[in-house]
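Note that the protein sequences, when read in sequence, are chains A and B.
All residue numbers for the first sequence refer to my numbering, where the first residue is 1 and numbers rise by one.
All residue numbers for the second sequence refer to my numbering, where the first residue is 1001 and numbers rise by one.
Worth flagging that the hints you see were computed from the coordinates, not collected in a lab.
Backbone N, C-alpha and C define an ideal beta-carbon position, used for all residues, glycine too.
Just to be clear, a hint being listed does not mean it is correct.
Stated by the list, open to error - For each label pair, taking beta carbons as the anchor points, the in silico distance ranges come out as:
| no. | chain 1 | residue 1 | chain 2 | residue 2 | range |
| --- | --- | --- | --- | --- | --- |
| 1 | A | Val105 | B | Ser1276 | 51 to 57 Å |
| 2 | A | Ala182 | B | Arg1139 | 46 to 52 Å |
| 3 | B | Thr1157 | A | Asp138 | 47 to 53 Å |
| 4 | B | Thr1157 | A | Asn109 | 45 to 51 Å |
Said to hold, decoys possible - Chain A is nowhere near these chain B residues, computed Cβ spacing over 10 Å in every case:
| no. | residue |
| --- | --- |
| 5 | Asn1051 |
| 6 | Val1064 |
| 7 | Val1066 |
| 8 | Glu1114 |
| 9 | Tyr1120 |
| 10 | Pro1124 |
| 11 | Asn1143 |
| 12 | Pro1163 |
| 13 | Asp1178 |
| 14 | Arg1200 |
| 15 | Glu1322 |
| 16 | Ala1334 |
| 17 | Lys1336 |
| 18 | Gly1354 |
| 19 | Glu1381 |
What the hints assert, rightly or not - Beyond 10 Å from chain B on every Cβ pair, some chain A residues (computed):
| no. | residue |
| --- | --- |
| 20 | Arg93 |
| 21 | Asp110 |
| 22 | Ala128 |
| 23 | Pro144 |
| 24 | Ser159 |
| 25 | Val181 |
| 26 | Ala192 |
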Amino acid sequence: MAIPAVSTGWNNNTVSTSTGQDQVSTVGIWPNLPSASTAELSEDAIRTWRTLRSVQSPSEVRTPRTTQRPSAGSSQTVPESSPSVVPLKRPDRVVGLRRWTGLIVEIANDMLTVDLMPAGHDGRRFRADFELSLLSPDDEAAEPGDVVYLTTRFVRAPSGYSTVTTDLRLRRAGQWSQDEVAEIMQLAQQHAAYFEDAD
Amino acid sequence: MRHTLRMLTDAPAADEIEISIFGPGKGEAVLVHLGEGRWIAVDSCKDQVDNSIPALSYLDRISVDVSKNVLLVVGTHAHDDHIAGISRVFERSESADFVCAHALVQPQFLALVEADARAYAGVPVRSYAEYHEIFKIVRTRSNSGPGFRPLRFASETTVLIPPSGPMPAKVIALSPSDEAYYRSLLAFNKLLPVAGGGRRLARIDPNELAIGLWVEVGGKTILLGADVLTGPDGCGWTAVVKNFTYDTKAQVVKLPHHGSVTGNHDGMWTNLLERSPIALMAPFRSGNIALPSRDDRKRICSLTNAAYITAAVQRPGAVDAEANRAARSLGPLAQKPREAWGPAGHIRARSRIGEATWTVELSSPARPLCGGRRKNAQRFEHSFAGKPKSS
């Protein structure tokens, strides 16, 4: 199997690599995950994972070297295609998907700390750190209290080369309008008057 | 794995006072049996493994009719480690009044609740969603009669349950003070939404509004410290110690603010507690903060050798395989994924009216706080006439 030729482009916080005949987006190589992770995936993904384990030795799988992230505010270029790339015959297939909703609880030293809750699936809550630049170009606008969305895709290429793609983005909630603030205050006054009758 | 944990499944006798505390590592909930099947629920937490509410699960397990036998549901303050799931507790407790600080029904806080609901609509991360639900339940239940509101306000020396009946029980609020009330309103003001401002809410730190409780049943007293802090002047323990006196001292205390030094007041130990009281607490693990700290543990254990905690202070080094799998699904960009929460431990202290002995029982991951105790023991007896022994 050809060792992936790694491009340096970034798009939506993912690294793109070229694997000779196949193109995949990746920030990590799926076969590097231990077998325990398979329980989190679909049955299809588990079958794929088992197949991969049997056909790929560690020496055949190489983590992309060029995974350094661009500085905040840098333009995110689409990777240039390698001249040797042959058009895909079959598309990559997403064999596992996980979505998380997070609340930024702290931003310090160019890192953000996020409370993550599973979205669309049952599971545990986690707290994790992310580089602030991952939110680029919204990184300067992000503040504690903002919501982020984390999506992780497990993708299999027709060649069997499989990857994990992660996307972190800031929820753009907009601004309070004059009318909305007035309405909130009015409702609050009404509720307060109602509850004042207690005791 | 958690289903193999030892569960406490027996109900207290009618003449037995009980305090149970639950805590999963971030969050705490307290239940108190006032005798004769009467209960109060103070704060709430969720078991983050299965999303259950440990206090409700326990009451169900010991066959308490939650709809009739819970008299009060107290939300000591609006921190997410104290109110997670409290609206579900109140919903089940159909005969109960909800107790909160008076500041939480002022327009400033109610505006924050409304803004929170709008800013985070459809997002499961709202700060004040529990209060939104509670106020909805209060409104629904208020329809049962004119002027009726199942809502009570606590401030220093408010009697929430007056003594009555053959086995009188008394519940008194120790805080917040008037000073804390005004300080909190000022803090809420700073967070109000502003036209043109971003639709987000910073999480406020309203520990000054925390409701401390004094519970007495048949001459036995319990101090529930919530997250009451030492001050500032006119607030917290400084105000409680100055303004509250009682003819007996508490034998059991739910230590304030997870055993942190910020909630430690010498006057609380000397004026309100028996020597070497039974001290119960839940830890607080979040980010880089872990309470009680090593120094806190040292201080607490110098004051009592009967201290217990619902879970380990530090996040366990070896997370279970299921958590590992779930953490990996966050993807490789997530650094140091960690569980701040985990399964909830349970500490239960019981004593019969007229007897000097308290029995403390632990359900894993609850454990003794201080060294020198038998680590695997799950049952301890404390007599205020003699030394404690484990069995």
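Using Cβ atoms and 10 Å as the threshold, tell me whether asparagine 1051/B really stays out of contact range of chain A.
violated (8 Å)
Against chain B, does aspartate 110/A keep a CB gap of more than 10 Å to every residue?
Aspartate 110/A clear of chain B: closest Cβ-Cβ about 12 Å, beyond 10 Å.
Verify this label for me: serine 159/A is non-interface relative to chain B, using a Cβ-Cβ cutoff of 10 Å.
holds (21 Å)
So is tyrosine 1120/B really clear of chain A, every C-beta pair being over 10 Å apart?
At about 7 Å from chain A, tyrosine 1120/B fails to clear the 10 Å cut-off, so the statement is violated.
Run the C-beta distances from proline 1163/B to all of chain A and say if the shortest one exceeds 10 Å.
The assertion about proline 1163/B holds, with a minimum of 19 Å to chain A.
Beyond 10 Å from every Cβ of chain B: is that where the Cβ of alanine 128/A lies?
violated (4 Å)
CB-CB spacing for asparagine 109/A and threonine 1157/B relative to the 45 to 51 Å hint
holds (46 Å)
Hey, does arginine 1200/B actually stay past 10 Å from chain A on C-beta?
violated (4 Å)
Please confirm whether valine 181/A is truly not at the interface, meaning its C-beta sits more than 10 Å away from all C-beta atoms of chain B.
At about 5 Å from chain B, valine 181/A fails to clear the 10 Å cut-off, so the statement is violated.
Regarding the assertion that valine 1066/B does not contact chain A, is the least Cβ-Cβ distance greater than 10 Å?
Per Cβ check, valine 1066/B is outside 10 Å of chain A; nearest 22 Å; holds.
Against chain A, does glutamate 1114/B keep a CB gap of more than 10 Å to every residue?
violated (5 Å)
Using Cβ atoms and 10 Å as the threshold, tell me whether alanine 1334/B really stays out of contact range of chain A.
violated (4 Å)
Violated hints, in rising order: 1, 2, 5, 8, 9, 10, 14, 15, 16, 17, 22, 23, 25 and 26; the structure is consistent with all others.
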